[in-house]
Amino acid sequence: MSDRLAVRKTYKLFIGGAFPRSESGRSYVVNDARGRFLANASRASRKDVRDAVGAARKAFGGWSSRTPYNRGQILYRIAEMLEGRRAQFTDELRAAGLAKNAATAEVDAAIDRWVWYAGWADKLGAVAGSANPVAGPFFNFSTPEPTGVVGIVAPDSPLLGLVSVVAPAIVSGNTAVVVASEPSPLPAITFAEVLATSDLPGGVVNLLTGRRAELAPWLASHMDVNAIDLAGAEEAQVKALEEAAADNLKRVLRPVPGDWSDEPGTERMTAFLETKTVWHPVGV
Amino acid sequence: MSTETLTSAPASGAELRAFLHGLPGVDQVGADERAARLATRSIKNDAKAQAIDMAITMVDLTTLEGADTPGKVRALCAKAARPDPSDPDVPRVAAVCVYPDMVEHAVGALKGTGIGVASVATAFPSGRAPLEAKLVDTRAAVAAGATEIDMVIDRGAFLAGDYLKVHEEIVATKQACGDAHLKVIFETGELVTYDNVRRASWLAMRAGADFIKTSTGKVSPAATLPVTMIMLEAVRDFRAATGRMVGVKPAGGIRTTKDAIRYLVLVNETAGPDWLSPKWFRLGASSLLNDLLMQRRKLATGVYSGPDYFTLD
Amino acid sequence: MNFEYAPAPESRDVVDIRPSYGLFVDGEFTDGHGEPFKSINPANEDVLAEIATADQADVDRAVKAARRAHDKVWGPMPGRERAKYLFRIARLVQERSRELAVLESIDNGKPIRESRDVDLPLVAAHFFYYAGWADKLGHAGLGPDPRPLGVAGQVIPWNFPLLMLAWKIAPALACGNTVVLKPAETTPLTALAFAEICRQADLPPGVVNIITGAGDTGRALVEHAGIDKVAFTGSTEVGKQIARSVAGTPKRLTLELGGKAANVIFDDAPLDQAVEGIVNGIFFNQGHVCCAGSRLLVQESVADELLERLKIRMRTLRVGDPLDKNTDVGAINSAAQLEKIRELAGAGEQEGATRWAPDCALPQRGFWFAPTVFTGVAQSHRIAREEIFGPVLSVLTFRTPAEAVEKANNTPYGLSAGVWTEKGSRILWMAERLRAGVVWANTFNKFDPASPFGGYKESGFGREGGRHGLEAYLNV
Chain R
47 MSDRLAVRKT YKLFIGGAFP RSESGRSYVV NDARGRFLAN ASRASRKDVR DAVGAARKAF
107 GGWSSRTPYN RGQILYRIAE MLEGRRAQFT DELRAAGLAK NAATAEVDAA IDRWVWYAGW
167 ADKLGAVAGS ANPVAGPFFN FSTPEPTGVV GIVAPDSPLL GLVSVVAPAI VSGNTAVVVA
227 SEPSPLPAIT FAEVLATSDL PGGVVNLLTG RRAELAPWLA SHMDVNAIDL AGAEEAQVKA
287 LEEAAADNLK RVLRPVPGDW SDEPGTERMT AFLETKTVWH PVGV
Chain U
76 MSTETLTSAP ASGAELRAFL HGLPGVDQVG ADERAARLAT RSIKNDAKAQ AIDMAITMVD
136 LTTLEGADTP GKVRALCAKA ARPDPSDPDV PRVAAVCVYP DMVEHAVGAL KGTGIGVASV
196 ATAFPSGRAP LEAKLVDTRA AVAAGATEID MVIDRGAFLA GDYLKVHEEI VATKQACGDA
256 HLKVIFETGE LVTYDNVRRA SWLAMRAGAD FIKTSTGKVS PAATLPVTMI MLEAVRDFRA
316 ATGRMVGVKP AGGIRTTKDA IRYLVLVNET AGPDWLSPKW FRLGASSLLN DLLMQRRKLA
376 TGVYSGPDYF TLD
Chain S
9 MNFEYAPAPE SRDVVDIRPS YGLFVDGEFT DGHGEPFKSI NPANEDVLAE IATADQADVD
69 RAVKAARRAH DKVWGPMPGR ERAKYLFRIA RLVQERSREL AVLESIDNGK PIRESRDVDL
129 PLVAAHFFYY AGWADKLGHA GLGPDPRPLG VAGQVIPWNF PLLMLAWKIA PALACGNTVV
189 LKPAETTPLT ALAFAEICRQ ADLPPGVVNI ITGAGDTGRA LVEHAGIDKV AFTGSTEVGK
249 QIARSVAGTP KRLTLELGGK AANVIFDDAP LDQAVEGIVN GIFFNQGHVC CAGSRLLVQE
309 SVADELLERL KIRMRTLRVG DPLDKNTDVG AINSAAQLEK IRELAGAGEQ EGATRWAPDC
369 ALPQRGFWFA PTVFTGVAQS HRIAREEIFG PVLSVLTFRT PAEAVEKANN TPYGLSAGVW
429 TEKGSRILWM AERLRAGVVW ANTFNKFDPA SPFGGYKESG FGREGGRHGL EAYLNV
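Chains as they are written, first to last, in my numbering: chain R, 47 to 330; chain U, 76 to 388; chain S, 9 to 484.
A hint or two may mislead.
Claimed, not checked - BS3-like mimics (lysine-lysine), calculated; alpha carbons at most 30 Å apart, straight line:
{"no.": "1", "chain 1": "S", "residue 1": "Lys333", "chain 2": "U", "residue 2": "Lys123"}
{"no.": "2", "chain 1": "U", "residue 1": "Lys333", "chain 2": "S", "residue 2": "Lys454"}
{"no.": "3", "chain 1": "U", "residue 1": "Lys119", "chain 2": "S", "residue 2": "Lys319"}
{"no.": "4", "chain 1": "U", "residue 1": "Lys119", "chain 2": "U", "residue 2": "Lys147"}
{"no.": "5", "chain 1": "S", "residue 1": "Lys415", "chain 2": "R", "residue 2": "Lys93"}
{"no.": "6", "chain 1": "S", "residue 1": "Lys333", "chain 2": "R", "residue 2": "Lys285"}
{"no.": "7", "chain 1": "S", "residue 1": "Lys248", "chain 2": "R", "residue 2": "Lys169"}
{"no.": "8", "chain 1": "S", "residue 1": "Lys72", "chain 2": "R", "residue 2": "Lys285"}
{"no.": "9", "chain 1": "S", "residue 1": "Lys248", "chain 2": "R", "residue 2": "Lys104"}
To be verified - Some chain S residues close to chain U (C-beta under 7 Å, calculated; not the full set):
{"no.": "10", "residue": "Met9"}
{"no.": "11", "residue": "Ala16"}
{"no.": "12", "residue": "Phe45"}
{"no.": "13", "residue": "Pro278"}
{"no.": "14", "residue": "Leu279"}
{"no.": "15", "residue": "Asp280"}
{"no.": "16", "residue": "Glu284"}
{"no.": "17", "residue": "Thr324"}
{"no.": "18", "residue": "Lys333"}
{"no.": "19", "residue": "Asn334"}
{"no.": "20", "residue": "Cys368"}
{"no.": "21", "residue": "Gln372"}
{"no.": "22", "residue": "Glu430"}
{"no.": "23", "residue": "Asn450"}
Please keep in mind that the hints were generated in silico from the structure rather than gathered at the bench.
Even glycine gets a Cβ: it sits at the ideal position worked out from N, Cα and C.
Generate the whole structure from the sequences, applying the supplied hints.
Listed below in structure tokens is the structure:
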């Protein structure tokens, strides 16, 4: 141990590319696995949800109209930035209770997951789209498009779980408002620093920390949120969240049992896609 | 577009081109679909009887063969004046249509009937002759007594983009017609696109055509419902813009009563009922007439007739 | 010269409507235990037949029959055999096509020209299309071993009764599911005729069950714990109720709901075809179309000319007897729907829009509404925001492409949109930006079984038609 006193980080929210404190001024204590104080995390409020949705909506037009190639590059850049901070994330995951090997494995898997999704950006359209052979003189094609603003209740797996729900939402051009793991929010905020330095436009991903049970209903009921991922929602709350989501017919991705280290399929991506079909006559 | 522009000579080829290319485009699929839907109209009973008689009065009974002779033309004229010798209530046709050298025989045969004599001219059907020859052709037909001249446009010039040449030929032919009505044939089977049909229609109307006509009957496809519809839209819009009515004549390939009635429906619902008159709408045909007569008799008698009961001329 | 078309009625002799109809459960027509109701002909208010109402116990019976059929027969059956049943059904629909078209027009009020030339051909095509998928599901790109969901509860609307039935039943059956379907209470007859077709096809009992009734029956079906999947086409309001009712259950859900589509006309559009597209967009099926082009957005520089042409065209629309082959616009489906249309049209006038309709004599009996256009409509008017579901067009103008997109997307709905311009790059630019599940460019209201259909936002979720339509009925 050196004599030097460490400079601690203030863990704040990540909204619209900036790191504000909660407008409510609230925070909550985050301890490590042994119960020792780690930090005071921001305890976001409904107004922070509102601001985050506003930022996500504002970012949607630009992000969704980037070329898929460009989005792929940015997702890969996130992997690069994450790779550069392997040690930091390993430490944070250990603080959250993971053993050293498990922490390293989770960080590596999280990095590789970004690489996997980065490659999807310019392939989704081909895999999920189609040219449809209609019975008439028309060219008819279907393309997948992002649904819009996706609310994400992130699971408790603090890094791999988080990236496994964020990456598939944004790779296709959606923007996201994410409620981070309540017990282990710190890796999420550190991850926001990665996002902030990855050429990802501000507002594409917005991260809130706080009480999940308090924030999720505001996200589920917000009329300018187009879809909601309930991956980390508390079981007792799922029904109420789905009911709230019905008010503007959000697309709902229900919690799916499984291990975040499993190979992801395409379902988390296609859950937040709309199929647009265009018709045009063929004539001279 | 001002009325004046539409009724005066184009200032230049460029102006004419800009005008024609500034017309709204025609979407082929949409136009085909509209025409096909109108073709599903079901015309029954009294409406059918009315339509059949209307169609008979609109027929330009036509013979345009290298083998035409004075005898053939006289026979055709007899048929035109009395389509069904057994039924004097059958109306007569609008006109007979022949080559210029046959006009005198037709005029003679039709004297006193009120039936017009139309003559194709201007190096019909290809139009590939010097303008001077075309005008001589036209003047000869008019001098022989033709009351209507069916000219062909220079499709080569049209497709080459020389709209001004096409315009000038129509103007010159119109002059050569004197009092005879001028029908301008586009040969839409060679213009191919509906955009071209629309442009040709406006070009001819600006140049003074009294009628616009689809085809010579020598090129396939000849008249079609959608092409005729495009032309009917053009005359409708031209009247709205200038106040002047121009007639329309589909020709070639119209063989059955069903075909003819579809054209009448097209007229009724596109240009409007004002065009439902031989003055403004003609059907260029030959075998159509007997089918109309056969259907007419079926309506009157309730039994199906046969070709042996109608004259072949 | 005046050219009046004589009446040209399609013969009613091809249909044989029974005085009363039961439910079709487990391959048999059975009594319902709810209070029966009457289906009427909206063109003259004649009672057509008395129809059974399924109560909770009847719904239960139908779901159990469907479950049995799924577990014992239809689920285990090889796809190629399921395919042959569906091909058979497609052929039977073709064979009885005229009868079904006439029946549809009588029960629904739509013109025979449309039921004959649009609805019925599409019904048969839909069964043909999904028949071909039944033994190829592993090739649909949805996973190597897709499995059926089980029993589907399906509730369909009255605007395209038999076509919506086909959209629901064909993919469900192709994927190995069995179904309990409830047609709308104003238009049950063709669904019941379809039950006979299932019998003619020797479809195993319980694979298709048709239960009739009003909202309560539908609610009992979608809330039934024994179903695995809910598919609904209808109003956004009911769609939201259904979404709430399946919350917290494992049921899968697809919804095809309302719309307020913008039909965008640029000044370089093929104007005559655009006019046809507008007419097709809003007066097709009396405007009882969720994807109807009910908001006309026309570029200001061409607005006067376009509206003049539109009015001329509207004067040729023939409103009247749905069975007359020359009718273009038929009867409004019900008194309730007519009332709703009148109310919204009244609101349009009150809010200051200008109302216009061609002179057309409407029949004395039955439910009728003349094709109507409102000009001078603002985004804030109710007739620009609410789905009227009738032959009423609201006209708004725009100046630039960006403004057109902004106005078109300024709605909670997102089912369809139209774009008319001769400029190719602008079509694609617009198509990219319009937030709608179907974009018709230089055409409108086109449907095909190979083409996915469904909405963005409050127009629902899930797609019907095409390869995409399989996803709603498979576990992948």
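Please flag the earlier hints that this structure goes against, numbers listed from lowest up.
4, 6, 7, 12, 20, 21
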